[in-house]
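2 protein chains.
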Amino acid sequence: MKELFYSVSSLEEVFAKLDSLNVKPGVEEVPIQQASGRVLAEDLRSPINVPHFRRAARDGYAIISKDTFGAGEENPVVLRLIGEVRAGQEEAPHVSPGQCVRVATGGLIPSGADAVVMVEYTIEKGGKVEVYRAVAPREHIIDEGRDIKRGSLILKKGVVLTPQDLGAIAATGAEKVKVYSKLKVAVASTGDELVRLGEKLKPGKIYDVNSVTLINAVRDSGGNPVYMGIIRDDREKLIEALKKALATCDVVVFSGGTSKGPGDAVPSALREVFTPDFLIHGVAMKPGKPTVIAAYHGKPVFMLPGYPTSALLVYYIIVDPFIRKWSQLPRRELRKVKAKAAVKMFSEEGRHEFKPVKIILEDGELKAYPTATGSEAITTLSSTHGYVEIKVGQSFIEEGEEVTVTLLKPVNELEGGGERKP
Amino acid sequence: MKELFYSVSSLEEVFAKLDSLNVKPGVEEVPIQQASGRVLAEDLRSPINVPHFRRAARDGYAIISKDTFGAGEENPVVLRLIGEVRAGQEEAPHVSPGQCVRVATGGLIPSGADAVVMVEYTIEKGGKVEVYRAVAPREHIIDEGRDIKRGSLILKKGVVLTPQDLGAIAATGAEKVKVYSKLKVAVASTGDELVRLGEKLKPGKIYDVNSVTLINAVRDSGGNPVYMGIIRDDREKLIEALKKALATCDVVVFSGGTSKGPGDAVPSALREVFTPDFLIHGVAMKPGKPTVIAAYHGKPVFMLPGYPTSALLVYYIIVDPFIRKWSQLPRRELRKVKAKAAVKMFSEEGRHEFKPVKIILEDGELKAYPTATGSEAITTLSSTHGYVEIKVGQSFIEEGEEVTVTLLKPVNELEGGGERKP
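Heads up: the protein sequence lines correspond to chains A and B, in order.
If you count the first sequence from 1, position 339 lands on 342 in the numbering used here, and the numbers rise without skipping.
If you count the second sequence from 1, position 171 lands on 174 in the numbering used here, and the numbers rise without skipping.
Any given hint could turn out to be false.
Pairs count within a copy or across copies, as identical chains cannot be separated in the list.
As a list, the in silico DSS-like pairs of lysine-lysine whose alpha-carbon atoms are at most 30 angstroms apart [as the list claims (entries may be wrong)]:
| hint | residue 1 | residue 2 |
| --- | --- | --- |
| 1 | LYS339 | LYS328 |
| 2 | LYS302 | LYS152 |
| 3 | LYS181 | LYS361 |
| 4 | LYS131 | LYS339 |
| 5 | LYS69 | LYS187 |
| 6 | LYS159 | LYS128 |
| 7 | LYS412 | LYS181 |
| 8 | LYS131 | LYS341 |
| 9 | LYS131 | LYS203 |
| 10 | LYS328 | LYS302 |
| 11 | LYS370 | LYS339 |
These are computed hints drawn from the structure, not numbers from a lab.
Please read all numbers here as calculations on a predicted model, not as lab measurements.
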């Protein structure tokens, strides 16, 4: 492996490296009542014909079509009514020539019968039925397997299951469905200054914010977050935590302590755990320059910056699309809105900038105000609506210029925007 | 109450009646690690200052600003280094005039000090630090409560919590958050022909599809589905199930057996359970005409048609928006695409039609093909991508006419459309 000692990589290189990994989720069976949004892990074929018996498509009488040939408004055929089949009835009397059976829509077609005459073309009198129309063979009969033939493909592997799809599976009687397992994503924060939620804060300490944002974000990405706790700023402790995470999870997402980005201690520790497949130390993006990305035996490890807004932005830009891809889920469709830059926005040379902004409706215009990403970013974290990209090569955006804001919150959460009524 | 015996109501009347209900979810506390997507049920104020101690904004030395007044590149001030504060350190030596303490970004500012001089403007030699710049009071110090003042509003009641919001809550140390409970939605199917999944199918019987589609759809709407089982076509059984559903749940969503829409038995049974606040029997929509909607002491009851596609479409058009509204969730933003009508589509007079369609990419054009909604609708259920609306007063759509398809599946599930890569 080549030493990549803080030689900053472009986002394109990062994506290419991650694309080269072949992270595969396992397969598990889940009840179809709980499978909406999951990804089908097999081509699904029907074990039965649907319907699995001949059904009446209309209310009327099951008859032998030949008996009605030549019938008309002027010369009805008279058949003997020998019984009735209601919806759900399991048995039906056999129909012989000259006979008929009253049937309800969806009901079982009696043996012997080969068509249904609609009730509208008949008059029932005592035990007799007058049929005023000739009926063609198979008319108003739904054959066995008409909807789904036994053995036919219902749904293809890789489909994200909707309630509709699950209905089609239910029609074949399956109780469970094979879907891809959620990827286990180890989440931890590193830093001596971090304290668990609920504990009393002593001077010098702050609460562990990133584990909360990342656990929720991982779940929103379709992953299964596994919280590994707070890791102290100690090389041995970090290596120990990494080993545990790699042994038990599919993806590792750690973040630095809030007060600093991972220095060289992290990548050097990473190099010594195992031999990494690759190790990126530094990404040409802002925020996110100190991000470290590595892989061990195909397992991706992300070390995000410590500042909450930075960590979450890097998560959304780099980690989320790959957790979704590896989970076989479609890419998240982030909504974009046009807004006016409220102030001139500068960008750092050579870095692809994702400027967190707050959108405010002013004089009927949406305006994008940059929010801070530094240590004072706790409150701005929740007030950030999305980001404006300033790509490498572009040095600033003029005040009043139209910008595209990629939203990280639903649009109806914007102040002054959207309405909440059905 | 006025008798509304099958006098079909317009969708507008249905929405107005449902809008008049005041269904309120309860409130519960959930761990903030699991609260993404939930709705905040109180105005949230911070119990602490964030940060709750004076922090260094930069690596450098904590000093008394007055000591540096007059310092410059030519005439450094020399201060005595009396100690160090690392990130997370709980105590710091007091700084007296002529002294300084080395501080890391995020670290505790020692008492006595009122500013930080950045490391770039200093030279440390032995136990002394030469300061080559005058520093203003409070420079590079983040005051207590700078981000969040104790008692200040962090988030407003009604916000749909994002990972970012939960990060802001975590910064104040809260382990749990008060959110609206999910509405309990009773789901059941009625019909003598229905069989539970997994059971052996006898002739005349079909599997209960609607409970599976509706349970999944309710969960997607933010509700908590409660399965009440299969209800036989028996007035007493239906009344018993309704009583149980109304006693234990917030909303009732039943559907008719697959083979028939609810006839008069259902509304007449509904009238006799309690005195309904209102009772709508029949909606001027297609599919969905036999839909019955009622309310008892403010609790909504929906009796959907039995055909799976009809039941689910009525669910999406009428029930989903209200479950979301009552849950305080924003309306679902259904994606719309333009397509060409592949065939002439007729509409029934006086009914707002929602024609289920499948979209196929043909010769670079999206074409909308109607899918069936009748008894043969099991497979078409999963192949339906969305619907085309034909409003009351419009009698048909010409072949080749541009139509707007409201999608019920994500766009990248369309054949030939979308891509699946990050």
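Status of each hint after checking the structure:
1. LYS339 <-> LYS328: both (21 angstroms within a copy, 24 angstroms between copies)
2. LYS302 <-> LYS152: Close neither inside one copy (42 angstroms) nor across copies (42 angstroms); limit 30 angstroms.
3. LYS181 <-> LYS361: between (42 angstroms within a copy, 25 angstroms between copies)
4. LYS131 <-> LYS339: neither (69 angstroms within a copy, 54 angstroms between copies)
5. LYS69 <-> LYS187: neither (65 angstroms within a copy, 55 angstroms between copies)
6. LYS159 <-> LYS128: For LYS159 and LYS128, the Cα distance exceeds 30 angstroms both inside one copy (52 angstroms) and across copies (71 angstroms).
7. LYS412 <-> LYS181: Answer is between; shortest inter-copy Cα gap is 20 angstroms, intra-copy 32 angstroms.
8. LYS131 <-> LYS341: This pair counts as neither: shortest intra-copy Cα distance 73 angstroms, inter-copy 54 angstroms.
9. LYS131 <-> LYS203: Answer is neither; intra-copy 87 angstroms and inter-copy 36 angstroms both fail.
10. LYS328 <-> LYS302: within (14 angstroms within a copy, 42 angstroms between copies)
11. LYS370 <-> LYS339: Answer is both: 14 angstroms inside a copy and 26 angstroms across each meet the 30 angstroms cutoff.
Consistency with the previously given hints fails for numbers 2, 4, 5, 6, 8, 9, ordered from lowest to highest.
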